[in-house]
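Enquirer: Sequence:
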Amino acid sequence: MRLSDLGTWATRHEGNRALGVMVVAVCLCSAPAWGQEQSPPRGPTELDRDTGAAAPPEIAPRSPRWDFTLGGQVGFPTGHLQVGETGAAGTRLSLRGDLGIDVSEAVTFDAAYHFTPRDAIRASFLYYFLDGSSTTNQSLVYNGMPIPPGPVHTNANFWQATLAYERTLASLGAGGQLIGSAGLTYVYFNPRVNGNSEDFYLQELPVPLLGLRATYPVGEHVSLTASLSGGILPWINSGRTEGGTVFITQSHADLGLGLAYAVTPALRLEASYQLRYFTQHEVSHEDNNAFLLIDNGFRLSLNYRF
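Residues 1 to 306 in this note's numbering are what the sequence shown lists, from first letter to last.
Read the hints as simulated data drawn from the structure, not as lab findings.
There's no promise every hint is true.
[Stated by the list, open to error] If you anchor each label on the Cβ, the simulated ranges turn out as follows:
{"#": "1", "residue 1": "Leu212", "residue 2": "Trp159", "range": "34 to 40 Å"}
{"#": "2", "residue 1": "Tyr186", "residue 2": "Leu224", "range": "28 to 34 Å"}
{"#": "3", "residue 1": "Arg65", "residue 2": "Gly195", "range": "43 to 49 Å"}
{"#": "4", "residue 1": "Phe68", "residue 2": "Ile236", "range": "17 to 23 Å"}
{"#": "5", "residue 1": "Leu275", "residue 2": "Tyr165", "range": "53 to 59 Å"}
{"#": "6", "residue 1": "Tyr113", "residue 2": "Ala170", "range": "19 to 25 Å"}
{"#": "7", "residue 1": "Tyr113", "residue 2": "Arg192", "range": "52 to 58 Å"}
{"#": "8", "residue 1": "Asp102", "residue 2": "Gln177", "range": "34 to 40 Å"}
Quick reminder that beta carbons are idealized off the backbone N, C-alpha and C, glycines included.
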């Protein structure tokens with residue numbers, strides 16, 4: 001199958017956007033890696049033995065400086081969205097029941113630069129698809145506007161950008177590692193219900209994150225992987241005003257458990273279970289907005305190092 005055919009397949013299957021990205025990425029990244037032949041180490045030649053000259057010393061392999069990861073995820077979200085305006089409390093809308101968001105999709109991209117064998121700077125980008133449609137038989141209130149009984153269409157997509165410093169803390173077996181990280185993350189969230197949007201992003205602030213990531217080899221090519229990260233911004237003055245001073249709190253927690261397979265020394269494919277918890281609440285004299293996402297997902301990712 002040609003790469004253009006795979007791209008056409010991924011476009012037609014819009015409901016599987018995240019996995020479609022992964023199918024194309026696997027082909028693009030693995031083709032050049034599989035096509036390369038590894039040359040054996042050079043030993044003494046006949047001329048070396050005749051002249052008595054020493055064979056050139058073996059050159060130690062250089063640690064990879066860069067690594068890139070592309071991932072796609074499909075999940076089953078729960079949670080709620082509530083937007084109040086001008087002192088009127090909005091209806092707490094459940095993601096699954098009221099808004100019809102039964103399935104989530106996400107695409108992730110990470111890039112890291114290892115400036116020493118143990119230290120790196122990593123930038124990550126996550127885009128979450130939370131779209132849904134439902135029908136309500138009662139009146140709802142969102143952002144100060146009534147929603148009469150009938151169809152409800154929701155777009156609660158958001159993106160998240162993270163910048164973190166990483167350091168290898170310990171070695172775990174032959175090739176395994178325990179890595180710690182510390183950084184900041186920012187979420188851009190602007191949900192729309194029946195075309196009525198609420199700009200959460202105007203009050204959002206960067207949130208500090210701490211994390212641990214571990215790999216443990218269980219075979220020649222297979223490793224167990226685990227990751228845990230989280231951060232919290234307690235109730236704080238956001239420095240913004242909207243009908244009065246806006247106070248905000250925000251929390252993040254992410255857990256991952258998976259298996260990684262080394263296709264080549266530079267290319268690794270990983271399948272994992274992902275649990276995501278994200279909540280935000282902002283309050284002022286005018287607004288009372290809250291969002292909660294708890295998502296159980298399956299992720300497929302591809303990592304390339306050089």
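Enquirer: Each of the hints needs a verdict: does it hold here or not?
Expert: Hints, one by one, checked against the model:
no. : hint                         : in the structure
1   : Leu212 to Trp159: 34 to 40 Å : 24 Å, violated
2   : Tyr186 to Leu224: 28 to 34 Å : 31 Å, holds
3   : Arg65 to Gly195: 43 to 49 Å  : 47 Å, holds
4   : Phe68 to Ile236: 17 to 23 Å  : 35 Å, violated
5   : Leu275 to Tyr165: 53 to 59 Å : 24 Å, violated
6   : Tyr113 to Ala170: 19 to 25 Å : 22 Å, holds
7   : Tyr113 to Arg192: 52 to 58 Å : 37 Å, violated
8   : Asp102 to Gln177: 34 to 40 Å : 37 Å, holds
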